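Chain by chain, the residues run as shown.
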Amino acid sequence: MLPPASVIRLAGEQRELPYKAPYAGMIPSARKAAIMGDHWQQASQRQPGGQSPETPHGSRIDPYVGQYAERARGMVASEIRALFAVTARPEIVSLAGGSPYVTALPLDAVGEMFGQLVAGRGSAALQYCTAQGDAGLREKICEVMSLEGIRAHPDDVVVTVGSQQALDLITRIFIDPGDVVLAEAPSYVGALGAFAAYQADVVHVPMDDQGLIPEALGEAIAAAGAAGRRVKFLYTVPNFQNPAGVTLAAGRRHAILDICRAAGLLVIEDNPYGLLGFEGEPMRALRADDPQGVVYLGSFSKTFAPGLRVGWAAAPPAVRDKLVLAAESAVLCHSSFAQMAVREYLGTQGWREQIKDFRELYRRRRDAALEALSAQMPDGCEWTRPAGGFYVWLKLPDGINAKAMLPRAVSSRVAYVPGTGFYADGSGAGHIRLSYCFPEPERIREGIRRLASVIETEMELRDTFGTDAIPRGTGVDTPGPGDL
Amino acid sequence: MTGLDHVVVLAGGLSPEREVSLRSGRRVRDALGEAGVDASIADADAALIPALLADPPDAVFPVIHGSSGEDGAIREILGLVGVPYVGSAAAACRVAFDKPAAKSLVAAAGVATPESVALPRETFHDLGANAVIERVLARLGLPLFVKPARGGSALGASPVRTEAELPTAIVSCFAYGETALIERFVSGTEVTVGVVDLGDGPRPLPAVEIVPGAGRYDYAARYTAGQTEFYTPARLDGAALDAVAKAAACAHGALGLRDMSRTDLIVTECGEVYFLEVNVSPGMTETSTLPMALEAAGHEFGAACHALCELAAARGS
Chain A
681 MLPPASVIRL
691 AGEQRELPYK
701 APYAGMIPSA
711 RKAAIMGDHW
721 QQASQRQPGG
731 QSPETPHGSR
741 IDPYVGQYAE
751 RARGMVASEI
761 RALFAVTARP
771 EIVSLAGGSP
781 YVTALPLDAV
791 GEMFGQLVAG
801 RGSAALQYCT
811 AQGDAGLREK
821 ICEVMSLEGI
831 RAHPDDVVVT
841 VGSQQALDLI
851 TRIFIDPGDV
861 VLAEAPSYVG
871 ALGAFAAYQA
881 DVVHVPMDDQ
891 GLIPEALGEA
901 IAAAGAAGRR
911 VKFLYTVPNF
921 QNPAGVTLAA
931 GRRHAILDIC
941 RAAGLLVIED
951 NPYGLLGFEG
961 EPMRALRADD
971 PQGVVYLGSF
981 SKTFAPGLRV
991 GWAAAPPAVR
1001 DKLVLAAESA
1011 VLCHSSFAQM
1021 AVREYLGTQG
1031 WREQIKDFRE
1041 LYRRRRDAAL
1051 EALSAQMPDG
1061 CEWTRPAGGF
1071 YVWLKLPDGI
1081 NAKAMLPRAV
1091 SSRVAYVPGT
1101 GFYADGSGAG
1111 HIRLSYCFPE
1121 PERIREGIRR
1131 LASVIETEME
1141 LRDTFGTDAI
1151 PRGTGVDTPG
1161 PGDL
Chain B
6 MTGLDHVVVL
16 AGGLSPEREV
26 SLRSGRRVRD
36 ALGEAGVDAS
46 IADADAALIP
56 ALLADPPDAV
66 FPVIHGSSGE
76 DGAIREILGL
86 VGVPYVGSAA
96 AACRVAFDKP
106 AAKSLVAAAG
116 VATPESVALP
126 RETFHDLGAN
136 AVIERVLARL
146 GLPLFVKPAR
156 GGSALGASPV
166 RTEAELPTAI
176 VSCFAYGETA
186 LIERFVSGTE
196 VTVGVVDLGD
206 GPRPLPAVEI
216 VPGAGRYDYA
226 ARYTAGQTEF
236 YTPARLDGAA
246 LDAVAKAAAC
256 AHGALGLRDM
266 SRTDLIVTEC
276 GEVYFLEVNV
286 SPGMTETSTL
296 PMALEAAGHE
306 FGAACHALCE
316 LAAARGS
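As you go down the protein sequences, you meet chains A and B in turn. Sequential numbering from 681 applies to the first sequence in our numbering. Sequential numbering from 6 applies to the second sequence in our numbering.
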């Protein structure tokens, strides 16, 4: 109950607090309406003892709230994204972000090269170019792809703003709302975001430690056909997959291609990590054995610099033509400067040696992560052992929810990406993705030590309240670019 | 317009509300800039103390939300460094940030607050979750509202309508804090009332009524423009508007707060006012209610921030 209207007594003392009248409005009514909605106009006519006789509208801050497209419905603030904002701080060991360790590049030499590019060829580097991309760079891209057995002509290549734009363009030209995309379970969060933007229906196909399971792929195609669904393509990350860290076994590659060819299904082969294997030679690309059935997506983000945003698609001619037109309507053309910078880097710097350096650097970090996981993780955790790339996929003990656990992890100053981000169907809560690409080995060990302690606390909570009490924590909360 | 040379806006921190704090901080910095103050943003990190010592500002405007920003810790540091700051002193923040402690003091000052219990995680572990939950339900009944005893932005907070939902709500709460505040859910009009002191004593601002589109004022509803409808002043009759203003002023006074606070309240259909919690470092983002209320009261946001900084500078460290 409130004290009498005129005085308010403070706890612990008998002093009277003079109650001052609330600040009165002193701004013009038009301004008030803008700030407060048209409700303000009717406030003075309000009836005492109850609600206003009319039903006025308040302010929603965003005047266009009723006008967004259906596909923008899910674009809301998320507490998981908010948590990732904390992970950029140095106090946190972030095993969440997939940022390449660009500090290992010869930055002085690269800087000098960029300067010379503008000074010497600025009239081209700072000008528009064609939507298909710089011809010299496309030649170099064919050289890079030859390391994985691909024989391509520069005409087959479309340069894109990272391979993420290639994903967007492919989805744009193939997907009508409700069309089915087949993807590994789990799959790359950025691809799932692109598919969702065009209202595709993603059907996940199981993997094991040898990658995508051909029989399961065949069954998924058959099931979709039986249900009258239109399947448009298979999306796969065959090497050191993001997030699972597994690689499609050589023996399965022909089987996958045969199944897709028989079903008339295009394969989207997304291969940003293919040259970052820790053992032996790069795997032979799917496109190397079926150039007409595979669109290959490549990227310089992991082998050079993600900040330049240079990726590409190598596609069969008819698909390529549509990709070029789609790229033109999306961005007119890619950055000439970025493309020429990458071309220059490939032409003048020891990029093959640099990739070897990256491989060795990431191998040491992978080793640190695997050793720490073996030493620290409680019973009930299982994880993959990647032979390349950036990621370990860890299964949590039964009943532990990765998304629900994340705030506690961040409070304990370690971060990961919950598995739910890598599924379009709400599953994945029992898994987390750990990336070892960015922190130094010592920090990786410390992060995993903290994580083990967080999981143990979570297990104690589970045991105290029972598995049924653990929050479901489903839904896709897409992390920001640094976390992909 | 200004006698202030330099103000440091303290934003960021390590709590889950970092992102919100950075948005609040940028808005305060820009508003101060428009009011003619040279304002810069600093984070609460290892660079802070040396920077404040090397170039002491006229005042610090802390807008760090969540722990350290609101539990008094960062203000203790500002006191140790000897720089004036906007807002409540450390000791008052410590009490206000602890929701159960704040509820007790505000209730003792005469404002009703929903009946509640505060229980740490270990209690459930040591005494058995089922037995504790059974007692809670026997005492408080349903529906309930569970939230971390310390923290904000509705993180870890959830309503409980059935017995089965209670354990999950408690576990969700423990993701953000070590102690759960379980209180009777009071239904009614949700309002929040800012109290500011621009030099002539603490005064309540017009009450802002919050109507979340999806029915719950959760994180998404708070920070996605368009998800929530705000009515300023709240659609209450004159007596109720008066009552919520007094309740907020009472909470501000009872907790010994300074400069500004924001009190969350529920007004039942019968016009009873219930205190929920108070915020010593209110959000200042585009979707935050304190700036809305300031503008509704006729204060340009930048001028109000400027006045608060001037008062802090005059008060000294």
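Hint data in this document are derived by calculation from the structure and do not stem from the laboratory. Treat the hints with care, since some could be wrong.
Claimed, not checked - Covered by chain B, according to a simulated footprint, are these stretches of chain A (three or more residues, beta-carbon under 8 Å):
#, stretch
1, 741–754
2, 1082–1090
3, 1140–1149
Computed from a predicted model, the values in this text were never measured in an experiment. Note that beta-carbon positions come from the ideal geometry of N, C-alpha and C, so glycine has one too.
How the hints compare with the structure:
1. 741–754: holds (count 4)
2. 1082–1090: Check passed, 6 qualifying residues.
3. 1140–1149: Per the Cβ count (7), the hint holds.
In terms of the numbered hints stated before, the structure departs from none.
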